[in-house]
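A.B. asks: Letter by letter, the chains look like this.
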Amino acid sequence: MTHLTKRIIPCLDCKDGRVVKGTRFVDLRDAGDPRELAAHYNREGADELVLLDISASREGRATLMETVHAVARTLFIPLTVGGGVRSFDDARRLLGAGADKVAINTAAVESPEVVSEFAERFGSQAVVVAVDARGEIAEGESRVPDSASAARWRVVTYGGTRETALDVIEWAKRAEQLGAGEILLTSMDADGTRQGFDCPLTAAVARAVHIPVIASGGAGRLEDFAEVFLRGEADAALAASIFHFGEYSIRSLKQFLRARAVPVRI
Amino acid sequence: MIAILDYGGGNVGSVRKAIEYLGAEVTVASRPEEIRAAAKLILPGQGHFGAMMKALGERGLVDPIREGVAQGRPMLGICLGLQALYESSEEAPGAHGLGLLEGRVRRFEGVFKVPHIGWSPIEVKEPRGILRGIPNGSFVYFCHSYYAPLTPETSALTDYGQRLAAAAEFGSVAAVQFHPEKSGDTGLQILRNFIE
Numbered sequence: 573m574t575h576l577t578k579r580i581i582p583c584l585d586c587k588d589g590r591v592v593k594g595t596r597f598v599d600l601r602d603a604g605d606p607r608e609l610a611a612h613y614n615r616e617g618a619d620e621l622v623l624l625d626i627s628a629s630r631e632g633r634a635t636l637m638e639t640v641h642a643v644a645r646t647l648f649i650p651l652t653v654g655g656g657v658r659s660f661d662d663a664r665r666l667l668g669a670g671a672d673k674v675a676i677n678t679a680a681v682e683s684p685e686v687v688s689e690f691a692e693r694f695g696s697q698a699v700v701v702a703v704d705a706r707g708e709i710a711e712g713e714s715r716v717p718d719s720a721s722a723a724r725w726r727v728v729t730y731g732g733t734r735e736t737a738l739d740v741i742e743w744a745k746r747a748e749q750l751g752a753g754e755i756l757l758t759s760m761d762a763d764g765t766r767q768g769f770d771c772p773l774t775a776a777v778a779r780a781v782h783i784p785v786i787a788s789g790g791a792g793r794l795e796d797f798a799e800v801f802l803r804g805e806a807d808a809a810l811a812a813s814i815f816h817f818g819e820y821s822i823r824s825l826k827q828f829l830r831a832r833a834v835p836v837r838i
Numbered sequence: 170m171i172a173i174l175d176y177g178g179g180n181v182g183s184v185r186k187a188i189e190y191l192g193a194e195v196t197v198a199s200r201p202e203e204i205r206a207a208a209k210l211i212l213p214g215q216g217h218f219g220a221m222m223k224a225l226g227e228r229g230l231v232d233p234i235r236e237g238v239a240q241g242r243p244m245l246g247i248c249l250g251l252q253a254l255y256e257s258s259e260e261a262p263g264a265h266g267l268g269l270l271e272g273r274v275r276r277f278e279g280v281f282k283v284p285h286i287g288w289s290p291i292e293v294k295e296p297r298g299i300l301r302g303i304p305n306g307s308f309v310y311f312c313h314s315y316y317a318p319l320t321p322e323t324s325a326l327t328d329y330g331q332r333l334a335a336a337a338e339f340g341s342v343a344a345v346q347f348h349p350e351k352s353g354d355t356g357l358q359i360l361r362n363f364i365e
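From first to last, the protein sequence lines stand for chains A and B. Residues 573 to 838, numbered by our numbering, are exactly what the first sequence covers, in order. Residues 170 to 365, numbered by our numbering, are exactly what the second sequence covers, in order.
Excised from the complex, chain A in its bound form (with noise of 0.2 angstroms):
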């Protein structure tokens, strides 16, 4: 018998020091502020935060740190970072601003021993390997996600920009035989549908690795987050919108959630 509990991540995206996608939270006096969003869903009952840098340029990512340090400084929940994360030096310096782990996306593809660098380095435990997935399905049909009708799942890199050769499940594994402490996978099919997480590809992934696995992609009902974990076998749940956009707090979806029978820290 276990206790752990199945975890609610909600993601902040940011740009130039800024949180973008938008958010409609009344009671906040600044919604871009990745400050006043941290301490928000600290105070609303969240298990981890990640922040996701989608800056491009330099200055951007110098903001970063500064966003980073000031986010760490009172927020005493995991915080992972991602977003460009390719270098040694780009992971030491954001654990050294306060992030407990990094997530590796593009980097980890191109050069694998990355992965096995950082968990050398910093133990597995702050490696986080995010893994963007596409269905492939046969010619002529078109894309539904959710469905099992993928085949297969391919790893795409450059923010869903690139595809590559590599199968989602292989990778997966792979990742974790380099030393990732957990995967972040991502339903390119699924990611801004708000019809639900893909739940095949997330069993799919879940069952192939003993490392955590949370999902990320189409969450827009509270339904999704107890079909994720009961029927995806996710250990956590990431989402933005969702959240931001104040539908649902994180309250009141582990409150569903554990009237579904899905352990949740309340």
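Errors might be hidden in some of the hints.
[As the list claims (entries may be wrong)] Taking lysine-lysine pairs in the DSS-like style, the calculated list, with each CA pair at most 30 angstroms apart, reads:
| no. | chain 1 | residue 1 | chain 2 | residue 2 |
| --- | --- | --- | --- | --- |
| 1 | B | Lys282 | B | Lys209 |
| 2 | B | Lys282 | A | Lys745 |
| 3 | B | Lys294 | B | Lys186 |
| 4 | A | Lys587 | B | Lys294 |
| 5 | B | Lys294 | B | Lys223 |
| 6 | B | Lys186 | B | Lys223 |
None of these hints come from the bench; they were simulated from the model.
Knowing the structure of chain A, use the given hints to seat chain B on it.
C.D. replies: Structure of chain B alone, referenced to chain A:
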């Protein structure tokens, strides 16, 4: 002054941040004389049992830690800092722990995912010492692949496939397997209890 022991591993930064947030004076110490000068010592941990014991040995930090314990100076071990109090660990079969607690740290076996990452509730045996004011069933954040067995000194426990020591307290020594610096308000209260 509270000293956080830096032996080249461990999450010194986040522990320091939490202590500073609580308003206590804190320093990061890596030399024997700094350990001896500290009123209270925090032994943080993340990483490998063997590497930690080796680093402590090479830097001449084992004796100052033992002296502090013998003199009754408060010490708090966190995560690997709790495991180091035991005699040995399956993570590094040849390495000697501090041996302040009896038993061997073991790797999780069975169907569960390893590491044990996330929030689990703790069963508080007695809400005193660093667990003062911590209700039974409080959630705290764990992140570990090896677990410490229950001993008479165990003051809180949790369940992850097997029952394991979540906290221990004896004399002036306290230790926790979870990360109080990452366990929200519950964790901050535990750190406050240690500071005060």
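A.B. asks: State for each hint whether it applies.
C.D. replies: Right, here's what the structure says about each hint:
1. B:Lys282 - B:Lys209: Outside the cut-off at roughly 35 angstroms; violated.
2. B:Lys282 - A:Lys745: holds, 14 angstroms
3. B:Lys294 - B:Lys186: Answer holds: Lys294 of chain B to Lys186 of chain B is near 29 angstroms, not above 30 angstroms.
4. A:Lys587 - B:Lys294: violated, 47 angstroms
5. B:Lys294 - B:Lys223: The given pair, whose Cα atoms are some 33 angstroms apart, is violated under the 30 angstroms limit.
6. B:Lys186 - B:Lys223: holds, 26 angstroms
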